[in-house]
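Visitor: Residue-level listing of the chains:
There are 4 protein chains.
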Amino acid sequence: MDANRYRAVRAHTEALAAPLSAEDQSLQSMPDASPAKWHQAHTTWFFETLLLIPRLSGYRPFNPRFQYLFNSYYEALGPRHPRPQRGLLSRPGLDEVLAYRRHVDAAMQDLLGSAEARQDLTLASMVELGLQHEQQHQELLLTDILHAFSCNPLLPAYRTEAPRPGVEKPLRWLAHGGGEAQVGHAGAGFAFDNEGPRHTVLLQPFEIAERLVSCGDFADFIADGGYRRPGLWLSDGWALAQAQGWQHPAYWLAPGDPRAPSEQWQVFGLHGVQPLDPSAPVTQLSFYEAAAYAEWAGARLPTEFEWEAACALPDFAPCSDQAWQWTRSAYHPYPGFKPMAGAVGEYNGKFMVGQLVLRGGSLATPPGHARPSYRNFFPPAARWQFSGLRLAREIQ
Amino acid sequence: MDANRYRAVRAHTEALAAPLSAEDQSLQSMPDASPAKWHQAHTTWFFETLLLIPRLSGYRPFNPRFQYLFNSYYEALGPRHPRPQRGLLSRPGLDEVLAYRRHVDAAMQDLLGSAEARQDLTLASMVELGLQHEQQHQELLLTDILHAFSCNPLLPAYRTEAPRPGVEKPLRWLAHGGGEAQVGHAGAGFAFDNEGPRHTVLLQPFEIAERLVSCGDFADFIADGGYRRPGLWLSDGWALAQAQGWQHPAYWLAPGDPRAPSEQWQVFGLHGVQPLDPSAPVTQLSFYEAAAYAEWAGARLPTEFEWEAACALPDFAPCSDQAWQWTRSAYHPYPGFKPMAGAVGEYNGKFMVGQLVLRGGSLATPPGHARPSYRNFFPPAARWQFSGLRLAREIQ
Amino acid sequence: MDANRYRAVRAHTEALAAPLSAEDQSLQSMPDASPAKWHQAHTTWFFETLLLIPRLSGYRPFNPRFQYLFNSYYEALGPRHPRPQRGLLSRPGLDEVLAYRRHVDAAMQDLLGSAEARQDLTLASMVELGLQHEQQHQELLLTDILHAFSCNPLLPAYRTEAPRPGVEKPLRWLAHGGGEAQVGHAGAGFAFDNEGPRHTVLLQPFEIAERLVSCGDFADFIADGGYRRPGLWLSDGWALAQAQGWQHPAYWLAPGDPRAPSEQWQVFGLHGVQPLDPSAPVTQLSFYEAAAYAEWAGARLPTEFEWEAACALPDFAPCSDQAWQWTRSAYHPYPGFKPMAGAVGEYNGKFMVGQLVLRGGSLATPPGHARPSYRNFFPPAARWQFSGLRLAREIQ
Amino acid sequence: MDANRYRAVRAHTEALAAPLSAEDQSLQSMPDASPAKWHQAHTTWFFETLLLIPRLSGYRPFNPRFQYLFNSYYEALGPRHPRPQRGLLSRPGLDEVLAYRRHVDAAMQDLLGSAEARQDLTLASMVELGLQHEQQHQELLLTDILHAFSCNPLLPAYRTEAPRPGVEKPLRWLAHGGGEAQVGHAGAGFAFDNEGPRHTVLLQPFEIAERLVSCGDFADFIADGGYRRPGLWLSDGWALAQAQGWQHPAYWLAPGDPRAPSEQWQVFGLHGVQPLDPSAPVTQLSFYEAAAYAEWAGARLPTEFEWEAACALPDFAPCSDQAWQWTRSAYHPYPGFKPMAGAVGEYNGKFMVGQLVLRGGSLATPPGHARPSYRNFFPPAARWQFSGLRLAREIQ
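Here the protein sequences come in this chain order: A, B, C and D. Sequential numbering from 1 applies to the first sequence in the numbering used here. Sequential numbering from 397 applies to the second sequence in the numbering used here. Sequential numbering from 793 applies to the third sequence in the numbering used here. Sequential numbering from 1189 applies to the fourth sequence in the numbering used here.
Do not take every clue at face value.
As the list claims (entries may be wrong) - For the chain D half of the interface with chain C, some residues (derived, Cβ under 7 Å), not all of them:
hint	residue
1	Pro1418
2	Gln1432
3	Pro1523
Since the hints were derived computationally from the structure, they do not count as laboratory data. Ideal Cβ positions, reconstructed from N, Cα and C, are used throughout, including at glycine.
Sequences and hints are given; from them, build the entire structure.
Guide: Right, here's the structure in full:
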């Protein structure tokens, strides 16, 4: 195991949190989101609980109460602080959480530097799991603070520099001939348990769009009454859209919005409020909105296996995109799926109902984290991720 | 189109409702369930709205307000009475609803008897759709009144005769070799749009149980702490079970239940409260309970395609069972799925997210209604259907 | 005790229920309201539980389960069916409830006819309490069915005859000189425990309106923006009105209401939908609406003691009015208040917080039931009673 | 107007907040409570909006968006940030809020120092209102942070020094002869509008306890089943206690509580978790718990007028106590009550329904803020104030 990689991933978390004040890092704007400070502590808890306590002899936990405070959802690891109340933990303060990180990092260096550690493959794979886990929380740290900032009428910006403008691209369709395809992770690198076992599926011929649906495309959908036509929507989506008064994506500001007066559409994001960029991919969509858009466009969402098979097409750029892409696939186990052994078996398998698979990766995904077989997943109503869509259709 | 079949299906609805008083038929015990009177009126509304008004010249609607009162969920057919308030409609009374049925039935006889009707294939298929629709409501009429009765501390019996005892059967596994399989509806008979297009899927070899999980099996699960061990459960299921205090299937009465004192487990059903029959299939399970049981049993649920492919096995009796069987398949569209044209396009497609497929049929399913390609569907938390499970597993 | 009076009160309940079908009598449209059938059973339960079981030797309860089903809120009398589920009791059916009434009535005749009964003053006072209790439920039977009917888009009429038109009257102020006043019940007749002890209060001089606020008055308030001006409202009232979108009294139909198209304001009541009668008292007001109206009118609500003292004024007609009148008095105990002994001690005292006193009586109050010291009470948000207001003000 | 007093009151707020980190000061643990930072900003907003903007020529608001962010409930002063989302405002940060305070304080010094200001009585009374308002928020700052800390399983202490032990005192009754009493504010000092007009009331003779109910008294109530006996409780209180599982006052820790293991009862307060002090007044009681205790003790709560009249008794120490005392009086207007003119008319009057009066003062009340005519008020379910009770009873 490479101690440099450990340090680099851990440092990246702290760099992402650096623009945020201690007050920012305490915010929890909904039960599904967590404070940045909590993300910093929980990822540290993971290493402490699953590596240091069982494997580093003489390790002294930083604070035994943190076992309770920073467990996320592992039933096998005992009771835990209720998720909706993570925003009430002003103590430990950010300073103490950072001290916790340093304490655990120092012990991890000891563990990684020991002679036996360098030989221990299960240790290496657990550390790698911890780092991949931390990378997932790096993305959530950004999406969660963005949601919190979206609830502040001042709409603060996480980044002060201006965003890169998108590049206008016509919609081009890539054809796939269907037939048998291998899906799931193969090879030596890291993958989550939910990416396997690799297996063969049978696909019909299909076409898939080379680029994602853009904000400009989506503005056309809105202008054409997309949010007012029930025939375009799945039943649950329409009911939710009506109940919550959806008229555009969650972070769009309609012309005249009192929080940032303008005559144009604007979009709130990591760069604060910006004029809508028609060529940028649309993000922060729920599955319901993505599916309604596809229906309106005379197309459909790809399945996760179509998406994965398309990765073999020459012009298909799977993970360089700026948004996760909703697929028309439920997040269910692959044939023969087995969760990891031990407490980490709760990592993925127990969430395999009620969610949909997203493929790709987003501008918030740490570089090198995603891959073609990567299965991200969220409930269909989720609107706070960098989630957009790519169209598919039958061969015409 | 056969007018006798029309009459027979319609009469069966009324026969099912016959043991119920007008008061019983007004009950709505939760938003997901509907009063028996409403089922009788809504199925009639379907014929009036989709057949008589557009096709029978000179037809006079029984009461124009019924268009609003008895539309279920068809957005294309205008606004409708809110679903959670169906139980507040003491007017029209049952007598008036029965008069509505007679009015529509008479007009339907005219329509079916006309010379052109006998040649009109789209008419015939719409009438058949209306009858299949009515058969679906026949099953719901029973499951809904059973739920309503389960909320009455007197636990009234729908049927007065004693239930047939089950037949004890050991668990036997049937092997399927996997490979390519054709799934979806084929042939000339009626099928819903969601059963097509027929297509080929690729299966791994698997084993499937010859019989359903029985009440005796499930009692063992309970006795072994099945409702107290989070490791057996999907995360959403465990959260719901804790929030609602589940300790056994919804209609089971633990020994000592004050509503019907006994030292034994008892089960409430259409025959009222009966001693638990260990050989009878367990029913009224949520998907979550079914999945937890399968995990406990060291097995899993079959996918809907495994289930359908198993129908070709000699000892597999698909639709003669007493319970729908939860599968490990989300209710999503088949490749190339197209909803029916017109308002009836809202029949199935718009519900294709957030639900799971059940296969088989139940003691409440009208004879001849189900078939191997039939896709029933409910949300994973549903506990008021005759829903149980059949185990599957990898080839050992 | 007069057995004729017993029979007359009981018969009046049945006469009030007579226009209602069994289905109508099962309706529960909100947790605060009860089905007419339940009112018929609960008032019977009162006599059975508090008189027949303890006092009539050899009495056999009609059905022991009814002790549980028809207890309203008496903790001392054991557990009871949850209030929000009273509408789910299709069994016992109306026929069985009427048989229950006959069974109890027959036994009550025995009890009342016995030699010792005629001497027994506590028996007589308990029977009278039971009859007064039944009269209270007679009024609730009407207000509850009216609420249930208001939830049916057909807006059925309880009575078929046309309502009596009101008589236009100018607003005339009656002056009271203030000073010491005796309040609370005095004399030999029946009164509830909450009407005593009689005591002296000190009043400032005030004026009180001779008539109630009329529908015409209230229409002026609406036209003048009464429902859009927060400055007129108490804070809780404004919050509720905004949350629920109040724009007029609950049973008023604005011009163009799709349930009963008209170009005029209409009002739904026991006579069904009728054109607004400007001279009729406005009813079905919450306290919040009554208080906002008074503020708009440059006046205020009277306290309950001002109201009671005004009964001595020559032109003040306390109980002949058509609506209960909200007062500016919380429903709290009088100095030295003692609840009745035994289980009936739960009758009034335990509700003495969170409610306001209404005085007067309504068109739904049984003749002879109300009196000047009578304290009706409801929470400030209640909008389904015949509740209106009478203005008061300081001496100008 | 005395500029020293202005500075002293403002400085006291900052001194109270000083032990709290920026993270602590951002906490909102329920919609009824507000972050300490918000209290600091809102009290500043009051001076800016009601004094500086209308009266100090050339005043430049610190940030025009703060008009929206820090308005509490004044409808006349425009829209405002939703109360339940005050905890989501990480921006402005604490530093910026403190800068806001300095900006406003400097301008207030200008205003107060001007020649005309020294003559301007309405200015002086508005400034005094602003200071009294700030003192009210000083108490809320403490009760709100204590509630927030009570939601943290670490149960942090606001103060590090040990609490003063109470002094054991037997319960002694003071007799009042009843008759006419003057109530309401009199004299030249400041009073809120709700303390007037002063008027005469008529009281029955009564006795009132010299001291408050102590923690030791209340522990006896618990040990005697006080939380399990519905007959002691008002109906709404019992329902709430059952729904929320109350078994002791909100901040008491039963023996064995995992947050602070001990074999004794402990109480959480500003000093953190401390062993229960039997002689200290019980606090953080709801009205419901106070009323149930009084019933159990064979006594009752005093009315607010009895309490105020008792202030004339030689041994009665009204405002030196450690807890506000629930009275048996609804918070309603006095006869002839008129709110203040202008926007500040929303200060007290619009809350005059649904709440009960508390009298006295607490350990969190700033010195000199309370007086015998002072009317504090909260809804009966409130459990996060320093609210206890003092018994009263009829003359034996």
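Visitor: Hints first: check each against the structure and report whether it holds.
Guide: Status of each hint after checking the structure:
{"no.": "1", "hint": "Pro1418", "result": "holds, 4 Å"}
{"no.": "2", "hint": "Gln1432", "result": "violated, 16 Å"}
{"no.": "3", "hint": "Pro1523", "result": "holds, 5 Å"}
This entry does not satisfy hint 2, going by the numbered hints stated previously; all others are met.
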